[in-house]
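Number of protein chains: 2
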Amino acid sequence: MSVETTIIEMAKAAKAASRQMALCPSARKDEVLLRIADAVVKQSAYIRTENEKDLVSAKEQGLSDAMIDRLTVNDATIISMSDGLREVAQLADPAGAVTRSWKRPNGLEVSRMRIPLGVIGIIYESRPNVTIDAAGLCFKAGNAVILRGGSESLNSNQALAGIVTKALRETGLPEKAVQVVPVRDREAVNTLLRQDEYIDLIIPRGGEGLIRFVVENSKIPVLKHYKGVCHVYVDDGADMEMAQNICFNAKVQRPGVCNAMETMLVHKLIARDFLPEMGKRFSDAGVEIRGCPETCRILSYINEASEKDWPTEYLDLILSVKIVKNMNEAIRHISTYGSDHTEAIVTSDYERARRFVREVGSSVVLVNASTRFNDGGQLGLGAEIGISTTKLHAFGPMGVEELTTTKFVVFGDGQIRQ
Amino acid sequence: MSVETTIIEMAKAAKAASRQMALCPSARKDEVLLRIADAVVKQSAYIRTENEKDLVSAKEQGLSDAMIDRLTVNDATIISMSDGLREVAQLADPAGAVTRSWKRPNGLEVSRMRIPLGVIGIIYESRPNVTIDAAGLCFKAGNAVILRGGSESLNSNQALAGIVTKALRETGLPEKAVQVVPVRDREAVNTLLRQDEYIDLIIPRGGEGLIRFVVENSKIPVLKHYKGVCHVYVDDGADMEMAQNICFNAKVQRPGVCNAMETMLVHKLIARDFLPEMGKRFSDAGVEIRGCPETCRILSYINEASEKDWPTEYLDLILSVKIVKNMNEAIRHISTYGSDHTEAIVTSDYERARRFVREVGSSVVLVNASTRFNDGGQLGLGAEIGISTTKLHAFGPMGVEELTTTKFVVFGDGQIRQ
Numbered sequence: 001m002s003v004e005t006t007i008i009e010m011a012k013a014a015k016a017a018s019r020q021m022a023l024c025p026s027a028r029k030d031e032v033l034l035r036i037a038d039a040v041v042k043q044s045a046y047i048r049t050e051n052e053k054d055l056v057s058a059k060e061q062g063l064s065d066a067m068i069d070r071l072t073v074n075d076a077t078i079i080s081m082s083d084g085l086r087e088v089a090q091l092a093d094p095a096g097a098v099t100r101s102w103k104r105p106n107g108l109e110v111s112r113m114r115i116p117l118g119v120i121g122i123i124y125e126s127r128p129n130v131t132i133d134a135a136g137l138c139f140k141a142g143n144a145v146i147l148r149g150g151s152e153s154l155n156s157n158q159a160l161a162g163i164v165t166k167a168l169r170e171t172g173l174p175e176k177a178v179q180v181v182p183v184r185d186r187e188a189v190n191t192l193l194r195q196d197e198y199i200d201l202i203i204p205r206g207g208e209g210l211i212r213f214v215v216e217n218s219k220i221p222v223l224k225h226y227k228g229v230c231h232v233y234v235d236d237g238a239d240m241e242m243a244q245n246i247c248f249n250a251k252v253q254r255p256g257v258c259n260a261m262e263t264m265l266v267h268k269l270i271a272r273d274f275l276p277e278m279g280k281r282f283s284d285a286g287v288e289i290r291g292c293p294e295t296c297r298i299l300s301y302i303n304e305a306s307e308k309d310w311p312t313e314y315l316d317l318i319l320s321v322k323i324v325k326n327m328n329e330a331i332r333h334i335s336t337y338g339s340d341h342t343e344a345i346v347t348s349d350y351e352r353a354r355r356f357v358r359e360v361g362s363s364v365v366l367v368n369a370s371t372r373f374n375d376g377g378q379l380g381l382g383a384e385i386g387i388s389t390t391k392l393h394a395f396g397p398m399g400v401e402e403l404t405t406t407k408f409v410v411f412g413d414g415q416i417r418q
Numbered sequence: 001m002s003v004e005t006t007i008i009e010m011a012k013a014a015k016a017a018s019r020q021m022a023l024c025p026s027a028r029k030d031e032v033l034l035r036i037a038d039a040v041v042k043q044s045a046y047i048r049t050e051n052e053k054d055l056v057s058a059k060e061q062g063l064s065d066a067m068i069d070r071l072t073v074n075d076a077t078i079i080s081m082s083d084g085l086r087e088v089a090q091l092a093d094p095a096g097a098v099t100r101s102w103k104r105p106n107g108l109e110v111s112r113m114r115i116p117l118g119v120i121g122i123i124y125e126s127r128p129n130v131t132i133d134a135a136g137l138c139f140k141a142g143n144a145v146i147l148r149g150g151s152e153s154l155n156s157n158q159a160l161a162g163i164v165t166k167a168l169r170e171t172g173l174p175e176k177a178v179q180v181v182p183v184r185d186r187e188a189v190n191t192l193l194r195q196d197e198y199i200d201l202i203i204p205r206g207g208e209g210l211i212r213f214v215v216e217n218s219k220i221p222v223l224k225h226y227k228g229v230c231h232v233y234v235d236d237g238a239d240m241e242m243a244q245n246i247c248f249n250a251k252v253q254r255p256g257v258c259n260a261m262e263t264m265l266v267h268k269l270i271a272r273d274f275l276p277e278m279g280k281r282f283s284d285a286g287v288e289i290r291g292c293p294e295t296c297r298i299l300s301y302i303n304e305a306s307e308k309d310w311p312t313e314y315l316d317l318i319l320s321v322k323i324v325k326n327m328n329e330a331i332r333h334i335s336t337y338g339s340d341h342t343e344a345i346v347t348s349d350y351e352r353a354r355r356f357v358r359e360v361g362s363s364v365v366l367v368n369a370s371t372r373f374n375d376g377g378q379l380g381l382g383a384e385i386g387i388s389t390t391k392l393h394a395f396g397p398m399g400v401e402e403l404t405t406t407k408f409v410v411f412g413d414g415q416i417r418q
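Taken in sequence, the protein lines are chains A and B.
Each residue of the first sequence is one higher than the one before, counting from 1 in our numbering.
Each residue of the second sequence is one higher than the one before, counting from 1 in our numbering.
Because the hints were derived from the structure by calculation, they are not lab data.
Everything numeric in this text was worked out from a predicted model, so none of it was measured.
Be aware that one or more of the hints could be misleading.
Unchecked claim - Pairwise CB distance ranges, derived in the manner of DEER restraints:
#1 A/E216 - B/E329: 38 to 46 Å
#2 B/E329 - A/D65: 53 to 61 Å
#3 B/R104 - A/K268: 40 to 48 Å
#4 B/E187 - A/Y46: 53 to 61 Å
#5 B/Q90 - A/G172: 49 to 57 Å
#6 B/A66 - A/P182: 46 to 54 Å
#7 B/S64 - A/R354: 52 to 60 Å
#8 B/R184 - A/K53: 54 to 62 Å
#9 B/P25 - A/E197: 23 to 31 Å
#10 B/V257 - A/R184: 28 to 36 Å
#11 A/S306 - B/R358: 41 to 49 Å
#12 B/P25 - A/P182: 41 to 49 Å
#13 B/R358 - A/E197: 23 to 31 Å
#14 B/Q90 - A/P182: 55 to 63 Å
Said to hold, decoys possible - Distance condition first, Cα-Cα at most 25 Å in a straight line; then the derived DSS-like pairs of lysine-lysine:
#15 B/K12 - A/K15
#16 B/K308 - A/K224
#17 B/K227 - A/K15
#18 B/K407 - A/K224
#19 B/K227 - A/K219
#20 A/K219 - B/K224
#21 A/K224 - B/K12
#22 A/K308 - B/K15
#23 B/K12 - A/K227
#24 B/K308 - A/K12
#25 A/K224 - B/K15
#26 A/K227 - B/K407
#27 B/K15 - A/K227
#28 B/K219 - A/K227
#29 B/K219 - A/K224
#30 B/K224 - A/K12
#31 A/K308 - B/K12
From the three backbone atoms N, C-alpha and C, an ideal C-beta is built for every residue, glycine too.
From just these sequences and the hints, can you work out the full model?
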């Protein structure tokens, strides 16, 4: 069978499975999720043997240490996949929930009911745990899912998919509800992205290159996750200790993720009080600071930031710092250089807190809290499938509800249109 | 200036205007809408003069009568545009509304707040009134909009845009919040569809050809409106008079629109009671019936339906009729041949009503009411910008709320991530 035929058959089978999944009672779905959670642990030796095959060829092909690290399934990965599935099983089932209902003057009762999206395609890079994490969330919402991982992790992904398929079969649910693309050929991705007749949504998970490729080539709607150039603005009159703790947490707690702070904006009236101690704390933690000329005058030991720094997502222990003359300048800076991802203000002023919230258009806007809270789990959505940086359908962290849509249900007693 | 430069400059200006629009108070937006509503009536002579230019060239180019009809702006069109704007002004402003809020165990207060999408591109065919109707809705939700109408209606569209721009200027709002593409060149559309850096959403309004072209070529998310192959299923035990009235209304009241019934499914146990009278009523109204073999045995005067009929959107006084042995067969038929648009059941059975609602995945599912109610106004959303047949972002009628997204707002008192 050609790659193209393989993919089209998978997409058709997923569509058929999605119709059955849409009617699957919550309890059955949760039963499958818990079965997989058990099986992943029980079959960990098998998973690791298959993963070892991928690791051997990765090393033969000379992949980077970072890539091999992402590719590796160890005990922690196994437990994290299993625990993740148990958490997803405990979430409320979004499918079938009525989000709103109202009555029309002619007596029609109208409501909006959540239903699964249908078929979701996930295109991801080397981490094999995405196979389980993403499949679990899509499945919980009643969707069928097609997973296309990196070619270097095919053995690992197929081992995990086999465990899922067995659980589906044992529970009497459609096996084709979760499928892993079984071929390495890149043509598979191109074909997948053209199946808009069968697939309702594509979620790419990986670097910017992968995401741009998918956006360029997909006929199917894509939920994108571009970069996070996140800002904290420390306002005049902010609690200095709170501001320090929030900025430190936002930069240092986990610098390699999208919701870490990349630029700190400081009101000029407090810069001389705030920056020396804050700068020391950052330097002690190994953070390289790149500042605007005014910042450089206060912190003599740092380098000047160039125009290139402001829009940069470092994902590292590097921070750019700019002194601004007021909140308006801070908001303008954010709107010019930011990525609409996560922005925070530290302030004790009621009016400026309100204005910051109103005027900053990012997907998560925080007052007196760390940018690191932009995360589905932290914000109370349960596990997340990603953080959307485009505004359509979902903006910000996407939980299981974002894997559904709504239909209108109308109850009448014979109404016709005049 | 080249077409490409023109379009890119428009898109950039729209993005800048959208930032101002996002902060515009509701009262100012409504003031502009009412000003335009007045101006459209006051300037009707001017609008019709410009429209006449379009009509003259359309006739010279030998466009069809149907196209010339759609292109014509008459008194009724003027009043309808003006009334439409007044209605939109009266709708609640969706921007800034908090759709939900909750508290986290660590004290963070999280909420989801509606914000405008940003910049919306509308690509439409000959009806000039779309210029006003679509601009009004996008504007109400706080978006900037770029309108690209059919090249045959450019004079009319520019006249209408001029009226809008004047109202924006007089109210001190950004003039670039509503722009009409000033060139006929088709290259303009291609360029527009690549401005994903500045434009957040494309809504094509027109025939299937236009929509497919936009989907194929857009890098920007598209809200699509494909065909409506709508079904009414008349169940065993349904109230015969109610069923007749609903089916008649669904087919005959306005056959040329997407929510008209195209196929009637009838339970075999009531077919002999129901079809003769129903068939006569349809025939008297000039409806051509195409039936399955069993239907043909009951209604001797009709032609047999071919396999091609079942997935066809006639948009005309033609109806296909199929006798089914039970509701399962009806649902299977809908799922095989339907377009996920609008489906109704006429029944008096509680359990089957519930099952139909649950098992039919169309954007609007009705019990004992006409399919013609799939309409934003009829369902209580206010004016509609279209009916989405894809599931992402919006499924079914889209009102002003569907022209917004939500951001997360988080209030804390110093929380940092552990």
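Comparing the hints with the structure gives:
Judged by the Cβ atoms, the range 38 to 46 Å given for A/E216 and B/E329 holds: they are separated by roughly 43 Å. Distance hint for B/E329 and A/D65: a CB-CB separation of about 60 Å, consistent with the stated range 53 to 61 Å. Separated by about 34 Å at the C-beta atoms, B/R104 and A/K268 break the suggested range of 40 to 48 Å. Between B/E187 and A/Y46 the beta carbon distance is about 57 Å. The supplied range of 53 to 61 Å therefore holds.
For B/Q90 paired with A/G172, a C-beta distance near 53 Å keeps the hint of 49 to 57 Å intact. Between B/A66 and A/P182 the C-beta distance comes to about 50 Å, which sits within the given range of 46 to 54 Å. Under the hint 52 to 60 Å, the C-beta atoms of B/S64 and A/R354, about 56 Å apart, fit the expected range. Distance hint check for B/R184 and A/K53: the Cβ-Cβ separation is about 60 Å, which falls inside the suggested range of 54 to 62 Å.
About 45 Å separates the C-beta atoms of B/P25 and A/E197, a value inconsistent with the hinted range of 23 to 31 Å. For the pair B/V257 and A/R184, the supplied restraint of 28 to 36 Å is violated, since their beta-carbon distance comes to about 48 Å. A hinted range of 41 to 49 Å for the beta carbons of A/S306 and B/R358 is inconsistent with their spacing of about 59 Å. A beta carbon spacing of about 56 Å between B/P25 and A/P182 contradicts the range 41 to 49 Å that was offered as a hint.
Between B/R358 and A/E197 the C-beta distance comes to about 24 Å, which sits within the given range of 23 to 31 Å. The hint said 55 to 63 Å for the Cβ distance between B/Q90 and A/P182, and at roughly 56 Å that hint holds. The straight-line distance between the Cα atoms of B/K12 and A/K15 is roughly 40 Å, outside the 25 Å bound, and the hint therefore fails. About 39 Å separates the Cα atoms of B/K308 and A/K224, which puts this hinted pair outside 25 Å; it is violated.
Restraint check for B/K227 and A/K15: the C-alpha separation of about 20 Å stays at or below 25 Å, so the hint holds. As the CA atoms of B/K407 and A/K224 are separated by approximately 16 Å, the hinted pair is consistent with the 25 Å bound. As the CA atoms of B/K227 and A/K219 are separated by approximately 18 Å, the hinted pair is consistent with the 25 Å bound. Between the alpha carbons of A/K219 and B/K224 the distance comes to roughly 12 Å, so the proposed pair stays at or under 25 Å and holds.
With a CA separation close to 21 Å, the supplied pair A/K224 and B/K12 stays within the 25 Å bound. The straight-line distance between the Cα atoms of A/K308 and B/K15 is roughly 22 Å, inside the 25 Å bound, and the hint therefore holds. With a C-alpha separation of about 21 Å, the suggested pair B/K12 and A/K227 falls inside the 25 Å cut-off, and the hint holds. With a C-alpha separation of about 21 Å, the suggested pairing of B/K308 with A/K12 holds against the 25 Å cut-off.
Taken as a hint, the A/K224 and B/K15 pair is honoured in the structure, with Cα atoms around 20 Å apart against an allowance of 25 Å. Distance check on the hinted pair: A/K227 and B/K407 sit about 17 Å apart at the alpha-carbon level, within 25 Å; holds. Proximity of B/K15 to A/K227 is assessed by CA-CA distance (about 20 Å); at most 25 Å being required, the pair is judged to hold. Annotation: proposed proximity of B/K219 to A/K227 holds, straight-line Cα distance about 18 Å (limit 25 Å).
Proposed proximity of B/K219 and A/K224 is supported: the alpha carbons are some 12 Å apart, at most 25 Å. Restraint check for B/K224 and A/K12: satisfied, since their Cα atoms lie roughly 21 Å apart, inside the 25 Å limit. In summary, the hint linking A/K308 to B/K12 is supported, as the alpha carbons are separated by about 21 Å, within the 25 Å threshold.
Against the hints set out earlier in the document, violations occur for numbers 3, 9, 10, 11, 12, 15, 16.
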